[in-house]
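Engineer: All chains, full assembly: derive it from the sequences and hints.
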Amino acid sequence: MCLGVPGQVTEVWEADGTRFATADFGGVTKEICLAYVPDVVVGDYTIVHVGFALTKLDEKSALETLELFRSVGLLDDELNVIQTPPTAAAG
Amino acid sequence: MRYLDEFGDPDLARALLDDIRRTVTRPWALMEVCGGQTHTIIRNGIDQLLPEQVTLIHGPGCPVCVTPLETIDRALEIASRPGVIFCSFGDMLRVPGSGRDLFRVKSDGGDVRIVYSPLDAVRLAQENPDKEVVFFGIGFETTAPANAMTVKMAQQLGLTNFSLLVSHVLVPPAITALMESPVRRVQAFLAAGHVCTVMGMSEYAPLVEKYRVPIVVTGFEPLDVLQGIRQALAQLEEGRAELENAYPRAVSPQGNPVAQQVVREVFETCDRAWRGIGVIPMSGWRLREELAAYDAEKRYDVTGITTEESGLCRSGEVLQGLIRPVECAAFGKECTPRSPLGAPMVSSEGACAAYYQFRRLEPAAVTA
Ligand code: SF4
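These protein sequences, in sequence, are chains L and H. For the record, in the first sequence the residue sitting at position 83 is 97 according to the working numbering, with numbers rising by one throughout. For the record, in the second sequence the residue sitting at position 358 is 364 according to the working numbering, with numbers rising by one throughout.
Quick caveat, the hints were computed from the structure, so don't treat them as lab data. None of these values were measured; they are calculated from a predicted model. Fair warning: there could be bad hints in the mix.
Said to hold, decoys possible - Taking beta-carbon pairs under 7 Å as the criterion, some of the chain H residues facing chain L (in silico): (1) LEU10; (2) ALA21; (3) SER123; (4) PRO151; (5) PRO254; (6) ARG255; (7) ASN262.
Where is the CB? At the ideal position from N, CA and C, for every residue including glycine.
Structural biologist: Shown next as structure tokens:
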């Protein structure tokens with residue numbers, strides 16, 4: 015239950031002074047509370063936990079991380095040319 | 007968005023695994039603190055794909071599992087009372103108390119309801135002014151902002167029929183307890199990403215320093231977990247002990263200050279008993295004294311609880327990473343998700359449930 019799930023904000027409104035939103039979780043929509051993420055707007059991705067958005071997902075940083083992973087992969091390919099590919103069971 | 011799916015990309019996973027294989031020269035033991043990460047690891051077989059020298063120890067980060075039996079029994083008692091609507095996250099319903107669970111209370115006529123968000127419980131209190139609504143407020147730091155907000159909202163709405171049965175637990179004191187334990191095996195920690203989304207990273211720096219132990223803040227997708235492991239192993243191999251962030255898209259060093267502020271206004275630190283483990287000093291949050299009106303523990307006088315744990319269940323050892331679920335003799339026999347003896351077999355984050363779901367067909371010797 016500690017899991018936070020990324021969702022995209024599709025609509026924002028206010029009730030009793032608190033901001034709420036509709037968020038899309040890969041086709042399933044849910045109502046979430048934006049009280050803790052004052053800067054989140056429609057279109058943003060956020061990590062949602064038990065109905066509360068906890069942070070705006072940093073897309074730039076996500077892409078950088080993936081880029082880093084890809085460079086690890088590239089390095090592998092280069093090494094594999096000179097080394098025998100690892101034979102340890104994978105998958 | 008496309009990029010989110012890529013954190014499960016098998017090709018990139020293979021590349022990270024290859025890199026880990028190249029890095030590791032000696033045996034190491036890492037602990038993933040959070041049960042969500044345990045599930046990612048077991049579901050994807052990450053522990054089996056890692057080099058043999060690397061042992062992953064599953065940590066105590068399952069809030070449902072560590073909620074003390076005494077609190078569960080208290081919940082069962084309150085939930086059985088007429089006029090009470092008892093609200094809980096779904097995971098909690100099958101968690102065994104001394105002899106029964108919330109599900110049983112419900113089938114015996116208690117008004118027990120599963121809520122997706124704590125705010126649903128506030129709504130129920132608004133809609134049912136003639137009933138008392140009690141919400142079972144458990145969880146780690148991740149869940150605390152949501153639970154704290156219910157009290158704020160109840161105050162704002164002037165609700166007098168809403169209260170919280172609180173059993174919050176905190177990660178840093180649990181890490182301290184594990185490091186102080188005489189059977190200390192863990193050489194590096196993967197810290198729970200979403201706990202840090204809320205709290206930031208500063209609480210972990212003193213632990214890294216004091217115990218010279220690498221701590222890597224780690225996410226939950228397969229690639230996130232692999233990257234956390236990779237960074238922790240690199241530190242160990244290089245003889246470094248540092249605090250690193252392998253989940254920067256969701257964790258900033260300062261965390262979420264708005265959430266921290268509300269949590270501070272509603273909760274205060276206290277000693278907390280962890281089920282199967284025992285009392286860990288200053289490892290919990292309870293409602294502040296001045297919010298006693300919202301505190302179910304104070305509103306409902308529950309006396310005469312005599313707790314009784316299953317004699318077979320070894321959840322305490324599982325939660326401290328001392329044994330794996332398959333080493334418990336009751337695993338998959340007397341204890342299954344349908345009739346669990348201990349909380350780790352119930353919760354979606356419990357290690358026993360993860361092994362039951364993904365590993366029960368393997369002989370114990372292979373996974374032990
Ligand atoms: S398998 Fe069941 S009985 Fe054994 S430790 Fe896990 S929850 Fe307890």
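Engineer: Against this structure, judge whether each hint is valid.
Structural biologist: Taking the hints in turn, this is what the structure says about them:
For the restraint placing H/LEU10 at the interface with chain L, the shortest Cβ-Cβ distance is roughly 6 Å, inside the 7 Å limit, so the hint holds. Taken as an interface hint, H/ALA21 checks out: its beta carbon lies about 3 Å from the nearest beta carbon of chain L, inside 7 Å. Among the interface hints, the one on H/SER123 holds; its C-beta lies about 3 Å from the nearest C-beta in chain L, closer than the 7 Å criterion. Hint on H/PRO151 holds. Least Cβ distance to chain L is approximately 6 Å, under the 7 Å limit.
Restraint check, H/PRO254 versus chain L: the minimum CB separation of about 4 Å is within 7 Å; hint holds. Given hint, H/ARG255 at the interface with chain L, holds; its Cβ is 4 Å from that chain's nearest Cβ, closer than 7 Å. The restraint placing H/ASN262 at the interface with chain L holds, with a minimum CB-CB distance near 6 Å, inside the 7 Å limit.
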